[in-house]
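S.K.: Now for the letters of each chain:
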Amino acid sequence: MTRRERTVDVLVVGAGPAGLGAAAELAASGVRRVEVLEREQSAGGIPRHCHHAGFGSSRPNGGTSGPEYARRSTAAAARAGATLRTGITVTGWAGPRTLDATGPGGLERITAHAVVLATGARERPRSARLVPGTRPAGVYTTGELQQAVHIHHQHIGTRAVIVGDEPVGIAAADTLRAAGVEVVARVTDRPAALPAALGRHHGAPLLTRTTVTALAGSPRLTGVAVRHGDGRTTTLPCDTVVFTGDWIPDHELARRGDVPLDPGTRGPAHDAAYRTHAPGVFAAGNLLHAVERAGTAAAEGRALAAPVRRHLATGAWPAGRAALTVAAPLEWIAPNLTGPDGDRPTGNRFILRTGRPLTAPLLVVRQDGLELYRRRLLRPARPGRPLHLPADWLDRADPHGGTVRVSVG
Amino acid sequence: MTHTVTAAGDPLPALPGGAPYDVTVIGAGVVGTAIARELARYPLRTALVEASDDIGNGTSKANTAILHTGFDAVPGTLEARLVREGQRRLSAYAADTGIPVERVGALLVAWDAEQLAALPALLAKAEANGYRAARLLDADEVAEREPHLGPGALGGLEVPDESVICPWTTPLAFATQAVRAGVHLHLDCPVRDIEPGSTVHTLTTGRGPLRTRFLINAAGLYADEIDRRFGHDVFTVTPRRGQLIVFDKLARDLVRHILLPVPTSAGKGVLVAPTVFGNVLLGPTAEELDDKTATESTQEGIALLREKGRRILPRLLDEEVTAVYAGLRAATGQEDYRIQEYPGRRYIAVGGIRSTGLTASMAIADHVTGLLARTGLDPGTPAELEPLTMPGLGEAAERPYLNAELIARDPAYGTLVCHCERVTAGEIRDALAATLPPRSVAGLARRTRAGNGRCQGFHCGAGLRALIEGNGP
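Taken in order, these protein sequences are the chains called X and C.
In terms of my numbering, the first sequence has 1822 at position 404, counting the first letter as 1, and numbering is strictly consecutive.
In terms of my numbering, the second sequence has 1105 at position 47, counting the first letter as 1, and numbering is strictly consecutive.
Careful, some of the hints might be misleading.
What the hints assert, rightly or not - Examples of chain C residues toward chain X, derived with CB under 10 Å: (1) Phe-1288; (2) Ala-1361; (3) Ala-1381; (4) Leu-1435; (5) Pro-1469; (6) His-1477; (7) Cys-1478; (8) Arg-1480; (9) Thr-1482; (10) Pro-1495; (11) Val-1499; (12) Gly-1519; (13) Arg-1523.
Stated by the list, open to error - Only part of the chain X face toward chain C is listed, based on derived beta-carbon distances under 7 Å: (14) Pro-1543; (15) Gly-1551; (16) His-1570; (17) Asp-1816.
Bear in mind the hints are in silico, worked out from the structure with no lab data behind them.
Glycine included, C-beta positions come from ideal geometry on N, C-alpha and C.
Please construct the entire structure, taking both the sequences and the accompanying hints into account.
M.R.: Rendered as structure tokens:
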């Protein structure tokens, strides 16, 4: 046997906000052997290269910067007594709660009483969005751009187009400006946002109902071809394009372990206690709902400590929980399984996404012909941004009943 | 022996006594590098000149990565013979050097009556080509072999020896062996003009004049233009574009064989094939173009592939797309290669090498070397080349990140840099220090897979670029 075999109480995969939150809370609450494996060389996750403020705060300019937030969450987990190991990659499963890992110290096989998947999310790159054209230099996702600028101080370009109107597009624009790149336009195929959300932070026009039809130029990008909502086409001259948002959970490890996914989120299906369908396997953070703010991911990590402890004590795992599904224009809901234990999701609310703007959506929840909830939200809902559904009705749902359906009335 | 590899900014080296090269090969694709490797066995001063900044950087880098048996070649053609022979040679060479190959076998799936009716003739063709292991399957056998196939498959033809191969390691192995045996490789060296001479040809390159006694034209898409410099008007290369979609590794379990289309009067369909990297390939389109640089993908092409792919393997379309690319095949309007020696001119044209060129490359090299002797060159006595071991990029081999002994010797093989493809710092370091190091992020990807995965650089792209630029001139 060439693998070093070990056993721990809880193995957390991923040291981003969710994994660190889980590790800190678990270790602080007395779980003895909590180990976090992080494939990058430093812990902290995506915030490590997000140099804007707003981390650890609900206000855009409150809180701290991403790197500072990453440092604090890392230090908190370590202080609580969790073992943080960076530069160690989990490569696959050897059993239901046994994971194989590779690091410079060799190969390991670690068995845990509970596994917490916190592998996060990535932005879909240009290819996954099926954008045709040449394959030139100068094509980024926000993640790659932020590392290029803030970690490696690389030359980016002179004129950039940003694709996507999610909040991360604003971060991309800030990063580009910090690197001396002019943002010539932001492009989204969605309709104009609601007036309340317009304004601020621009400088570059936001072209709505505009689809990127091709990239041009070789070896360097020379332009982005677009088609406007009225059918007009044009090419935006630029040497850089950043594909932002359009997140997809990094769910490969979950799928390799036969942990069933929710069809809407593409992350593991889970209940309000962050239990997946696989006994002993929990999940948290943007693996479950790509993506929410770091603070939300961290709160979920902390929230799963209690159910993990309960599982360590009893070994119990629920079976046959009813699924929660959404109807268009809603895209997904998380958590997406009912739970039999009276657990409530973090903040006592579900997170949802809509595919199109909704002014004051009337949310209706039904199960087996029974209406469990009906209320109009006061706030508008926008694509790419969270929409919340209070969880008060959850106790009235039958965990052994049919699918719970959430729709916009 | 010192290795001579020059690139933009370097002068072309002067040979001792101002002598010309004995043989110059134009084009460092899979065919040109195979020829250079074969010539490297002889006591010849050989140059391999390449217009771009890397070997295998044109048609060779963007093909369907299949090692063909040649079962469906036109019997009696040069192509049929060289593919058959090349398949044997390259299979053996790949096993020796560690070029990833997986013998997954092919199934030609018939989806309508016309395709079903065409299968017996294809079986007969395979036998006419000396391939006897093909076999007809009924609908149930096809369904059993490929449980995720879309509904409506009526039958199939099984070709068990069709394999998938790494298209990048192959020319890299050829070029590495050639350079180590003394062949001069000149990158960034486009040939702009040729002045044929009675004893020495003078090439005007982007980096100055290059003199050579014999010339081999393996310029791929540009072979016709080189050929015209000798006053010939024999063939015209019409680029035939093939767009391909690479699906995520999580799609790999959906398909077991190379699923080939059955060619009919309605044209050739698209194939679905596993790759040696554990992905699934869907393509290619076949578009006759006149622009030899048109390697862009198109909305129509991607839509067509997705439509056809949905019929073949419906669940494939639910998986994430990792990459979309397009390559240009060097079609010449003739169903055979255009290999022609001109003894009086000390020149050989190696044109019209179509999508089978990867498979046939070593046989083409052997054939062309034979022609060279008939062109008036006595190449001397061949020597054995130093054996070569290439990095194991294929999923079927034990990758470094899973090799405990290797990591114990050198912890850099336990540090993953590209997480999607599981490429380690040790492999990247080795590539940067190799005989033919990468000069771009794309070149690094072709040597190590780094950056080729599902995230396309979201996680490691900036770090890889830092490594390449740190290694720069």
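S.K.: So which of the earlier hints does this model not fit?
M.R.: The structure conflicts with hints 1, 4, 10 and 17, although it agrees with all the remaining ones.
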